[in-house]
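Number of protein chains: 2
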Amino acid sequence: MTMISRQELTELRASIDNIDAAVIHLLAERFRCTKAVGALKAREGLPATDPNREASQVKRLRSLASLSGLDPDFAEKFLTFTIEEVIRHHRSIADGLDGQTRV
Amino acid sequence: MTMISRQELTELRASIDNIDAAVIHLLAERFRCTKAVGALKAREGLPATDPNREASQVKRLRSLASLSGLDPDFAEKFLTFTIEEVIRHHRSIADGLDGQTRV
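Quick note, the sequences are listed as chains G and Y, same order. Sequential numbering from 0 applies to the first sequence in numbering that gives the first Met the number 0. Sequential numbering from 0 applies to the second sequence in numbering that gives the first Met the number 0.
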């Protein structure tokens with residue numbers, strides 16, 4: 000690899016690392032929000048999943064992805080991946096509450 | 000659901016939607032960077048994957064996740080999920096270059 004290419008690779012990787020740090024912190028904040036949603040749903044006895052909400056999120060994120068030059072299919076896969084984790088959290092919160100009521 | 004809970008859910012979802020918009024735009028920028036890395040690697044004949052780089056990314060993101068209160072396992076899953084997409088891109092860029100050299 001030429002020295003210019005090596006330098007170019009180092010610069011690009013520094014940008015990727017900065018972006019990843021930002022995304023990790025945003026995901027941390029997203030899970031703080033979804034944990035609060037999970038607690039609220041468990042308190043109100045609402046189901047962990049909400050197909051209407053998810054459909055509107057998919058539509059919106061695909062549209063935002065198109066605007067920003069991201070593959071809309073990837074944006075949808077990302078949302079599905081994240082929602083699966085959220086639902087796993089919601090179910091464990093709901094199970095926790097069930098556990099409490101049994102005590 | 001009580002009116003207070005409904006309002007609380009609406010507010011939390013507005014935050015989640017804002018965070019998702021930010022993440023989508025960051026991912027768009029991340030893929031702009033990784034596409035440039037892909038083009039550079041294809042030009043230099045470097046392999047699409049780089050296990051040392053990936054190991055150091057996993058270590059760093061797990062550490063950032065711990066600091067920000069995100070489950071480190073989720074951070075690692077997110078990175079793996081993103082890198083899989085990137086490698087798919089790199090391979091298709093490399094295949095495109097191979098195609099050009101055959102013409």
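It is possible that some hints are incorrect.
Taking lysine-lysine and the PhoX-like style, the derived pairs with C-alpha atoms no more than 20 Å apart in a straight line are [to be verified]:
1. Lys34(G) <-> Lys34(Y)
2. Lys76(Y) <-> Lys76(G)
3. Lys34(Y) <-> Lys76(G)
Distance windows between CB atoms, simulated [stated by the list, open to error]:
4. Arg87(Y) <-> Ser62(G): 53 to 59 Å
5. Thr79(G) <-> Ser14(Y): 29 to 35 Å
6. Ser14(Y) <-> Glu83(G): 17 to 23 Å
7. Leu66(Y) <-> Thr48(G): 26 to 32 Å
8. Arg5(G) <-> Glu10(Y): 46 to 52 Å
9. Pro71(G) <-> Arg42(Y): 27 to 33 Å
10. Arg42(Y) <-> Lys34(G): 25 to 31 Å
11. Lys34(Y) <-> Gly95(G): 41 to 47 Å
Keep in mind that the hints were calculated from the coordinates and are not lab data. Glycine residues also receive a C-beta, built at the ideal position from the N, C-alpha and C atoms.
Going through the hints against the structure:
Between Lys34(G) and Lys34(Y) the alpha-carbon distance is near 34 Å, which puts this suggested pair outside the 20 Å criterion. This hinted pair checks out: Lys76(Y) and Lys76(G) have alpha carbons roughly 13 Å apart, not beyond 20 Å. In summary, the hint linking Lys34(Y) to Lys76(G) is supported, as the alpha carbons are separated by about 19 Å, within the 20 Å threshold. The beta-carbon spacing between Arg87(Y) and Ser62(G), approximately 23 Å, falls outside the hinted interval of 53 to 59 Å.
Taking the beta carbon of each, Thr79(G) and Ser14(Y) are about 20 Å apart, not inside 29 to 35 Å as hinted. Restraint check, Ser14(Y) to Glu83(G): a C-beta distance of roughly 20 Å satisfies the suggested window 17 to 23 Å. Remark: the range hint 26 to 32 Å for Leu66(Y) to Thr48(G) is upheld by a beta-carbon distance near 31 Å. Take Arg5(G) and Glu10(Y): their Cβ atoms lie about 48 Å apart, and the range 46 to 52 Å holds.
Checked against the given bound of 27 to 33 Å, the beta carbons of Pro71(G) and Arg42(Y), roughly 28 Å apart, stay inside it. For Arg42(Y) and Lys34(G), the hinted distance range of 25 to 31 Å is not satisfied, since their beta carbons lie about 45 Å from each other. Look at Lys34(Y) against Gly95(G): about 43 Å separates their beta carbons, and that is inside 41 to 47 Å.
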